[in-house]
Amino acid sequence: MFEDTVTILANERETDAYFRLVVSAPRIAPRVQPGQFAHVRIPPLREALLRRPFSIFQVAGDTFSLLYKTVGKGTEALARMRPGETLSAIGPLGQGFTVPAPGGETPLLVAGGYGMAALYLLAQRSPQRGVVFVGGRRRVDILCEREFAELGWEVRVTTEDGSHGERGLVTQPLVTELRRGTTGRKLFACGPTPMLRAVARIAEEFGVPAEISLDQPMCCGVGVCLTCVVPIRTATGWEYQRTCTEGPVFDARVVLWEVPE
Amino acid sequence: MFEDTVTILANERETDAYFRLVVSAPRIAPRVQPGQFAHVRIPPLREALLRRPFSIFQVAGDTFSLLYKTVGKGTEALARMRPGETLSAIGPLGQGFTVPAPGGETPLLVAGGYGMAALYLLAQRSPQRGVVFVGGRRRVDILCEREFAELGWEVRVTTEDGSHGERGLVTQPLVTELRRGTTGRKLFACGPTPMLRAVARIAEEFGVPAEISLDQPMCCGVGVCLTCVVPIRTATGWEYQRTCTEGPVFDARVVLWEVPE
Amino acid sequence: MNLSVSLGRLTLPNPVTVASGTFGYGVEYARLLDLNQLGAVVVKGIRLTPVRGNPTPRTVEVASGLINAIGLQGPGVDGFIEKYWPFLKTLRVPVIINIWGTTLEEYAEVARRFDALEGVGALELNVSCPNIKAGGAHFGTDCRLLAEVVAACRRATRLPLITKLSPNVVHIAPYARAAAEAGSDALAIMNSYPAMAIDIETARPRLGNVTGGLTGPCIKPIALKLVWDAYQAVKIPIIGMGGIQSAADAIEFLLAGASAVAVGTANFYEPQTPLQVLAGLRAFLERKGLTDVRQLVGAAQHQLG
Amino acid sequence: MNLSVSLGRLTLPNPVTVASGTFGYGVEYARLLDLNQLGAVVVKGIRLTPVRGNPTPRTVEVASGLINAIGLQGPGVDGFIEKYWPFLKTLRVPVIINIWGTTLEEYAEVARRFDALEGVGALELNVSCPNIKAGGAHFGTDCRLLAEVVAACRRATRLPLITKLSPNVVHIAPYARAAAEAGSDALAIMNSYPAMAIDIETARPRLGNVTGGLTGPCIKPIALKLVWDAYQAVKIPIIGMGGIQSAADAIEFLLAGASAVAVGTANFYEPQTPLQVLAGLRAFLERKGLTDVRQLVGAAQHQLG
Ligand SMILES: Cc1cc2nc3c(=O)[nH]c(=O)nc-3n(C[C@H](O)[C@H](O)[C@H](O)COP(=O)(O)OP(=O)(O)OC[C@H]3O[C@@H](n4cnc5c(N)ncnc54)[C@H](O)[C@@H]3O)c2cc1C
Ligand SMILES: Cc1cc2nc3c(=O)[nH]c(=O)nc-3n(C[C@H](O)[C@H](O)[C@H](O)COP(=O)(O)OP(=O)(O)OC[C@H]3O[C@@H](n4cnc5c(N)ncnc54)[C@H](O)[C@@H]3O)c2cc1C
Ligand SMILES: Cc1cc2nc3c(=O)[nH]c(=O)nc-3n(C[C@H](O)[C@H](O)[C@H](O)COP(=O)(O)O)c2cc1C
Ligand SMILES: Cc1cc2nc3c(=O)[nH]c(=O)nc-3n(C[C@H](O)[C@H](O)[C@H](O)COP(=O)(O)O)c2cc1C
Ligand code: FES
Ligand code: FES
Numbered sequence: 027m028f029e030d031t032v033t034i035l036a037n038e039r040e041t042d043a044y045f046r047l048v049v050s051a052p053r054i055a056p057r058v059q060p061g062q063f064a065h066v067r068i069p070p071l072r073e074a075l076l077r078r079p080f081s082i083f084q085v086a087g088d089t090f091s092l093l094y095k096t097v098g099k100g101t102e103a104l105a106r107m108r109p110g111e112t113l114s115a116i117g118p119l120g121q122g123f124t125v126p127a128p129g130g131e132t133p134l135l136v137a138g139g140y141g142m143a144a145l146y147l148l149a150q151r152s153p154q155r156g157v158v159f160v161g162g163r164r165r166v167d168i169l170c171e172r173e174f175a176e177l178g179w180e181v182r183v184t185t186e187d188g189s190h191g192e193r194g195l196v197t198q199p200l201v202t203e204l205r206r207g208t209t210g211r212k213l214f215a216c217g218p219t220p221m222l223r224a225v226a227r228i229a230e231e232f233g234v235p236a237e238i239s240l241d242q243p244m245c246c247g248v249g250v251c252l253t254c255v256v257p258i259r260t261a262t263g264w265e266y267q268r269t270c271t272e273g274p275v276f277d278a279r280v281v282l283w284e285v286p287e
Numbered sequence: 027m028f029e030d031t032v033t034i035l036a037n038e039r040e041t042d043a044y045f046r047l048v049v050s051a052p053r054i055a056p057r058v059q060p061g062q063f064a065h066v067r068i069p070p071l072r073e074a075l076l077r078r079p080f081s082i083f084q085v086a087g088d089t090f091s092l093l094y095k096t097v098g099k100g101t102e103a104l105a106r107m108r109p110g111e112t113l114s115a116i117g118p119l120g121q122g123f124t125v126p127a128p129g130g131e132t133p134l135l136v137a138g139g140y141g142m143a144a145l146y147l148l149a150q151r152s153p154q155r156g157v158v159f160v161g162g163r164r165r166v167d168i169l170c171e172r173e174f175a176e177l178g179w180e181v182r183v184t185t186e187d188g189s190h191g192e193r194g195l196v197t198q199p200l201v202t203e204l205r206r207g208t209t210g211r212k213l214f215a216c217g218p219t220p221m222l223r224a225v226a227r228i229a230e231e232f233g234v235p236a237e238i239s240l241d242q243p244m245c246c247g248v249g250v251c252l253t254c255v256v257p258i259r260t261a262t263g264w265e266y267q268r269t270c271t272e273g274p275v276f277d278a279r280v281v282l283w284e285v286p287e
Numbered sequence: 012m013n014l015s016v017s018l019g020r021l022t023l024p025n026p027v028t029v030a031s032g033t034f035g036y037g038v039e040y041a042r043l044l045d046l047n048q049l050g051a052v053v054v055k056g057i058r059l060t061p062v063r064g065n066p067t068p069r070t071v072e073v074a075s076g077l078i079n080a081i082g083l084q085g086p087g088v089d090g091f092i093e094k095y096w097p098f099l100k101t102l103r104v105p106v107i108i109n110i111w112g113t114t115l116e117e118y119a120e121v122a123r124r125f126d127a128l129e130g131v132g133a134l135e136l137n138v139s140c141p142n143i144k145a146g147g148a149h150f151g152t153d154c155r156l157l158a159e160v161v162a163a164c165r166r167a168t169r170l171p172l173i174t175k176l177s178p179n180v181v182h183i184a185p186y187a188r189a190a191a192e193a194g195s196d197a198l199a200i201m202n203s204y205p206a207m208a209i210d211i212e213t214a215r216p217r218l219g220n221v222t223g224g225l226t227g228p229c230i231k232p233i234a235l236k237l238v239w240d241a242y243q244a245v246k247i248p249i250i251g252m253g254g255i256q257s258a259a260d261a262i263e264f265l266l267a268g269a270s271a272v273a274v275g276t277a278n279f280y281e282p283q284t285p286l287q288v289l290a291g292l293r294a295f296l297e298r299k300g301l302t303d304v305r306q307l308v309g310a311a312q313h314q315l316g
Numbered sequence: 012m013n014l015s016v017s018l019g020r021l022t023l024p025n026p027v028t029v030a031s032g033t034f035g036y037g038v039e040y041a042r043l044l045d046l047n048q049l050g051a052v053v054v055k056g057i058r059l060t061p062v063r064g065n066p067t068p069r070t071v072e073v074a075s076g077l078i079n080a081i082g083l084q085g086p087g088v089d090g091f092i093e094k095y096w097p098f099l100k101t102l103r104v105p106v107i108i109n110i111w112g113t114t115l116e117e118y119a120e121v122a123r124r125f126d127a128l129e130g131v132g133a134l135e136l137n138v139s140c141p142n143i144k145a146g147g148a149h150f151g152t153d154c155r156l157l158a159e160v161v162a163a164c165r166r167a168t169r170l171p172l173i174t175k176l177s178p179n180v181v182h183i184a185p186y187a188r189a190a191a192e193a194g195s196d197a198l199a200i201m202n203s204y205p206a207m208a209i210d211i212e213t214a215r216p217r218l219g220n221v222t223g224g225l226t227g228p229c230i231k232p233i234a235l236k237l238v239w240d241a242y243q244a245v246k247i248p249i250i251g252m253g254g255i256q257s258a259a260d261a262i263e264f265l266l267a268g269a270s271a272v273a274v275g276t277a278n279f280y281e282p283q284t285p286l287q288v289l290a291g292l293r294a295f296l297e298r299k300g301l302t303d304v305r306q307l308v309g310a311a312q313h314q315l316g
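Keeping their order, the protein sequence lines are chains A, B, C and D. For the first sequence, the working numbering gives the first residue as 27, with consecutive numbering after it. For the second sequence, the working numbering gives the first residue as 27, with consecutive numbering after it. For the third sequence, the working numbering gives the first residue as 12, with consecutive numbering after it. For the fourth sequence, the working numbering gives the first residue as 12, with consecutive numbering after it.
If we strip away everything but chain A, and leave its shape as in the complex, we get:
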């Protein structure tokens, strides 16, 4: 974990409201594990104090990149920043995905929207290629299909409006695929909470292991403030664990989707 002033190398629109940011971060980039994130301070945000968390999408040498969607003041301010300007980034943070061992499970990735960002490094570093299921509302929500394909992965696209790929939810082709067989397969998912919850249910139903990356609002990002907690099953009951520290990736089986009683 390092805190660095990182310089923007590129910050360009990908599709619609999605942007790709590349920064030079020599101490952070080489240490990133798939599924980890960076906690970013966006200087033009002044009266909004907090950092914003983003999955680390790709790394290349001394640089890493983010894939982000403009949803509010922070991401909008970020989208207006130009190469040469600097940000402060703390990273790599959190527990990422377990990269399959060589000859181990075949990964099935499930992504919704910017969830793709958390899964790219995993796809790249997995010794076995697998299938990535990508869902979104519309065509513009389907990101970096080509880049996953270039890694030799099979990409199955669904959109809710049918404008690209199959019409429907990302979980439909996943279920179809799991019906064909479950042995030696493992799910890795990142996306909106309802999707993650559906994936967890499917994993349980089919008895396949699943790791999911939770998206919880964060404050400190490093485990001190106890903002980002989720109820996690333990041997003796449950406890609140921190998405930023014990997560963001959790074994789907231990995540309690509601606080008990």
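These are calculated hints, taken from the structure and not from any lab test. Beta carbons are placed, not taken as given, at the ideal position from N, Cα and C, and that holds for glycine. Wrong hints could be hidden among the right ones.
Said to hold, decoys possible - Computed beta-carbon distance windows for the label pairs: (1) B/Pro220 <-> D/Gly130: 53 to 59 angstroms; (2) B/Pro220 <-> C/Asn47: 43 to 49 angstroms; (3) D/Gly19 <-> B/Val166: 49 to 55 angstroms.
To be verified - Each computed SDA-like pair below joins lysine to any residue, with the alpha-carbon atoms no more than 20 angstroms apart: (4) B/Lys99 <-> D/Thr222; (5) D/Lys94 <-> A/Lys99; (6) A/Lys99 <-> B/Pro69; (7) C/Lys94 <-> B/Thr262; (8) B/Lys99 <-> A/Pro69; (9) C/Lys94 <-> B/Glu265.
Said to hold, decoys possible - Among the chain C residues that face chain B by a calculated CB cut under 7 angstroms, a handful are: (10) Leu43; (11) Ala74; (12) Ile81; (13) Trp96; (14) Arg169; (15) Arg215.
Following the hints, complete the assembly by docking chains B, C and D with the ligands onto the known chain A.
Below, chains B, C and D with the ligands alone, put in the same frame as chain A:
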């Protein structure tokens, strides 16, 4: 008085810490009287809420310009803004200088630092040309000497370090000039408070009329908040008057430099 | 779409008013916006006699806020009636006069004087100004004194009374109840919060008065909580204020239980704020398919049950 | 240049500490900064037993601030000693443990437990957390209860006691005096201020706990005034906090009368803040030709006379 979103046409360094900003403001520019000011909201200032007041330096058709010194976060943020970006400006505000009548008094202008900004329009619109006394700490604090000369005015420069013009305070050549004669002459001054106070004392001593533009921290700029008050002599004693509304230009004789008792 | 709200016996054409002391006597802003579009014009605090106010500096800018110690400079009742009333009485929207005194008797006397003035919409009792030695907050942080001031004014006038509460109390509920029981028609929440700033170069307080009152967006979360608490304590309507600079801010106050809102410090940096808030509020109601602004009032409380 | 300051019987190597609840148990930030450069490490509030804390969302960002309602989640005394003490006791700077309880007896019992632990620098009594139903602010807004809590802890331990006062009172002076008289060695001012925010789309409070406590730069002017007032009321040293994010902010608190400061919310967005504050403070003293940081303490008060 109008509130307008004004577009930056130019924003360039003049000397050292001084910048010249030109904006397009079709409703404000044509109505400016010499010595009036604009109250400017600088959008990149976010957690700093208030507008900043600046004398209107020059007007040309639908545009007006400011001459400002970077002294803090507002002026520094302003200096980073680029042509095409917008500001909000309220103006023209306040009571300006009394432009001499044709054949009336000969104006002697006294300026310290950005005080020059408040005096240019007066020099331009005065039917009689006069002398402008400009003072500053160093050469870089002497602004737009050439522009006053181009109006046909005589410019007498003093700097405290002697790096340009006469060495000393701006009031020295003024006193010398007044010793030569006072009839038909009137002082108009803008600059730091100690300078204005000295000018007021000199005017009294020599029995010449003087108008001075006060520099008081402001908040609303339009007379509602009562931040910018100064003690002003009245027929029956004294009262607090608003620099933004009754001023910034006051007759030197009515300004009380200290609050009575 | 209905936008009008009632503050007891006073009806406002819409819920967006301005905060006393941030809008002068109305006339100053008349050239920048149409005052008749406001829910009400609320003027700067007036006592019986003219007041010079505090030494300068009187305001200082802080993070997302402002500290002020104006010291209630004003022309007194007579000066106000002479200089400002001729203009104010021509307005078609209610004019609310913020009043104060240094004694119970002065409060009552000021109320009596305005009772005699044709056309006043309501009186707002400022018992919560932190910037004057006698009067002000003194009355607002003692429940018994508060009740006495309100009762004294109640006896002195038949005009609607709005009591402007101090935020600087442990719990606002007893104060809200005291004001209501003593005959206040409505509450205004909140006034500025005691605060200060120091110039580190000179080691001197930045305000001539040493301390002042904090206002602006920085206090909004505090103000909202006070409105929330007061709404649970009393049935009389509340005018919510504290840092409102957008329609979203105003809607938060309505949802917390305010029947109307006031824009204060934001006027200083963006005089169009009240009208922008009103336009945004209208658009919000439309988008939500609501036909009456009163459907918002306290809705966040009702929803929690 | 002397930077060390004393909080009664506890000496800090320098006046820059961190605020409880914003620095975890120290270990979390150990990889980002050298904890041994701090004036002290102050840990998150501990009660006797483990605490789950409040439902989420637990924090919400507001203008120049943060509202939190964590609800004092923590491992309890035993969990703390087992999990975090082995690391903390290796630090060369004082470790201050923030403690709380729901009853007088629990406060005293927690104090007694830590009295038995070798190496604790001081105990900070949190009598001012607005985010829990029993305990917390309840003790901090009643002078008599406050005195009882402090006295009970005083009897339970010989460790230096720091009482963390609530800002949510009419005047802080009586609370400051009550704590001092009951045996507190120092005061910490201020805790978070009761506040809330509402999501206008859902008409629901943004915090799981409905209300929370406001912190960050937005409260600095309030905190500074409280330190100013407390300094006039008592002789015991004060740790000032509330919105500090720069050396200039910290210096304001020292000038107002604080002997030490704590960086809180700023850690969340800039973990280097405490060290930046310390470096800036050093540079300021140098520039002003001062040789001892204690020359700043209360200097703005002394100057006014
Ligand atoms: C571990 C982690 C990894 C993430 N990775 C990515 C990523 O790779 N790409 C990406 O675009 N975004 C990612 N996010 C989400 C991203 O952090 C938020 O979109 C961002 O903080 C919003 O900031 P804002 O200032 O633009 O929005 P705000 O103005 O703060 O809020 C705008 C809206 O977004 C919502 N929001 C705020 N924070 C979150 C959050 N954490 N999750 C979902 N909604 C939120 C708010 O409730 C509000 O409705 C990630 C979040 C986490 C916790
Ligand atoms: C009627 C009037 C006309 C003015 N005309 C000009 C002009 O033509 N050109 C120009 O450069 N400046 C002018 N000023 C001053 C200008 O308003 C301030 O320099 C500016 O507001 C500082 O903003 P800031 O955010 O950069 O500084 P801040 O960060 O707010 O403050 C930086 C420093 O400047 C001081 N300061 C703040 N306001 C003022 C003020 N009003 N006067 C003096 N010092 C102040 C502060 O005390 C502080 O020490 C004028 C002021 C007035 C009242
Ligand atoms: C400069 C200034 C002057 C004020 N004068 C008064 C006053 O005369 N009477 C009063 O009741 N409140 C006065 N107030 C308080 C405001 O009416 C309002 O309660 C407070 O500013 C909170 O709202 P805001 O945050 O939107 O400004 C004043 C506030 C400011 C900033
Ligand atoms: C998330 C969070 C948790 C906190 N937890 C505690 C706590 O456990 N005990 C305590 O005494 N104060 C707690 N506080 C209050 C801080 O210690 C401090 O008093 C307050 O945040 C003001 O300082 P700041 O504005 O610099 O943050 C907490 C504050 C925050 C923001
Ligand atoms: S965001 Fe602070 S603990 Fe996770
Ligand atoms: S700045 Fe508000 S009255 Fe002059």
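Okay, the hints, checked on the actual structure:
1. B/Pro220 <-> D/Gly130: 53 to 59 angstroms: holds (58 angstroms)
2. B/Pro220 <-> C/Asn47: 43 to 49 angstroms: Given range 43 to 49 angstroms: holds, Cβ gap about 46 angstroms.
3. D/Gly19 <-> B/Val166: 49 to 55 angstroms: Holds, since D/Gly19 and B/Val166 (Cβ atoms, about 53 angstroms apart) stay within the stated range.
4. B/Lys99 <-> D/Thr222: Measuring from Cα to Cα gives roughly 34 angstroms; hence the hint is violated.
5. D/Lys94 <-> A/Lys99: violated (38 angstroms)
6. A/Lys99 <-> B/Pro69: Status holds; Cα separation ~14 angstroms.
7. C/Lys94 <-> B/Thr262: OK: C/Lys94 and B/Thr262 at ~18 angstroms, within 20 angstroms.
8. B/Lys99 <-> A/Pro69: holds (14 angstroms)
9. C/Lys94 <-> B/Glu265: Given pair C/Lys94, B/Glu265 holds - Cα atoms ~16 angstroms apart, limit 20 angstroms.
10. Leu43: holds (5 angstroms)
11. Ala74: Holds. Min distance 5 angstroms.
12. Ile81: holds (5 angstroms)
13. Trp96: Violated - the Cβ of C/Trp96 stays beyond 7 angstroms from chain B, reaching only about 17 angstroms at its closest.
14. Arg169: With Cβ-Cβ at 30 angstroms, over 7 angstroms, it is violated.
15. Arg215: It is violated, given that the least Cβ distance between C/Arg215 and chain B is near 15 angstroms, above 7 angstroms.
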